[in-house]
Amino acid sequence: EAGVAQSPRYKIIEKRQSVAFWCNPISGHATLYWYQQILGQGPKLLIQFQNNGVVDDSQLPKDRFSAERLKGVDSTLKIQPAKLEDSAVYLCASSDVKGATYEQYFGPGTRLTVT
Amino acid sequence: GESVGLHLPTLSVQEGDNSIINCAYSNSASDYFIWYKQESGKGPQFIIDIRSNMDKRQGQRVTVLLNKTVKHLSLQIAATQPGDSAVYFCATRGSNTGKLIFGQGTTLQVKP
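Sequence lines, in order, name chains A and B. Residue numbers for the first sequence follow this note's numbering, beginning at 30 and rising by one. Residue numbers for the second sequence follow this note's numbering, beginning at 1023 and rising by one.
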């Protein structure tokens, strides 16, 4: 089974520029998550989609971050304008609740450096 | 707010020894707990999970122990191997929020 795909793997931009990340979840997974992982910390949930609807975006800085999952499959996360503190790894994960497990499958992440 | 923390940022063990990584959580309503392993340049990978109605669960070379009284979770790795070197995260799921809260991670270093 193919895993969660993300692109690009690395991105370097200057502050105030915009950037977009793409995620393709595991086929058939209804739930998609975007996490921000700052160096040395655990992942922090930014937004959770169930199919193409937003379940939780309480920690998404909505003045600069946006995300969409229009067809309920792949998703994009955008930052505009970027700040230095946005430097982090952006992880996409997907899950399909079956039985008693809530396991989330993570992609390799996109490492963003804002200079 | 809700928090999840690990006791040690770094753990160094000799190859072949057993490793124990500890985690404390604050939300007594947490009903699901999960351990992830993250190797450099990769996303977190599921290791083992446990629900709040259990206090122990075993996998292949790994055991998770849950003590709800003191809100403590541990991951035991038997016969630690060089391939176990990674950052380990515990995460809890609050039954009232439904989302995973991750701890900061413990780096496991395995010495040959």
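Hints in this document: simulated from the structure, not taken from any laboratory. Note that CB positions come from ideal geometry on N, CA and C, so glycine has one too. Keep in mind that a hint or two might mislead.
Per label pair, the in silico range of CB-to-CB distance [as the list claims (entries may be wrong)]:
| no. | chain 1 | residue 1 | chain 2 | residue 2 | range |
| --- | --- | --- | --- | --- | --- |
| 1 | A | Lys107 | B | Glu1061 | 41 to 47 Å |
| 2 | B | Thr1032 | A | Arg93 | 44 to 50 Å |
| 3 | B | Gln1131 | A | Gln109 | 36 to 42 Å |
| 4 | B | Gln1036 | A | Gly82 | 31 to 37 Å |
| 5 | A | Val83 | B | Gln1131 | 28 to 34 Å |
| 6 | A | Glu114 | B | Ser1025 | 18 to 24 Å |
Against the structure, the hints come out as follows:
no.: 1; hint: A:Lys107 / B:Glu1061: 41 to 47 Å; verdict: violated, 28 Å
no.: 2; hint: B:Thr1032 / A:Arg93: 44 to 50 Å; verdict: violated, 34 Å
no.: 3; hint: B:Gln1131 / A:Gln109: 36 to 42 Å; verdict: holds, 39 Å
no.: 4; hint: B:Gln1036 / A:Gly82: 31 to 37 Å; verdict: violated, 50 Å
no.: 5; hint: A:Val83 / B:Gln1131: 28 to 34 Å; verdict: violated, 40 Å
no.: 6; hint: A:Glu114 / B:Ser1025: 18 to 24 Å; verdict: holds, 21 Å
The structure does not agree with the numbered hints 1, 2, 4 and 5 stated previously, though it agrees with the rest.
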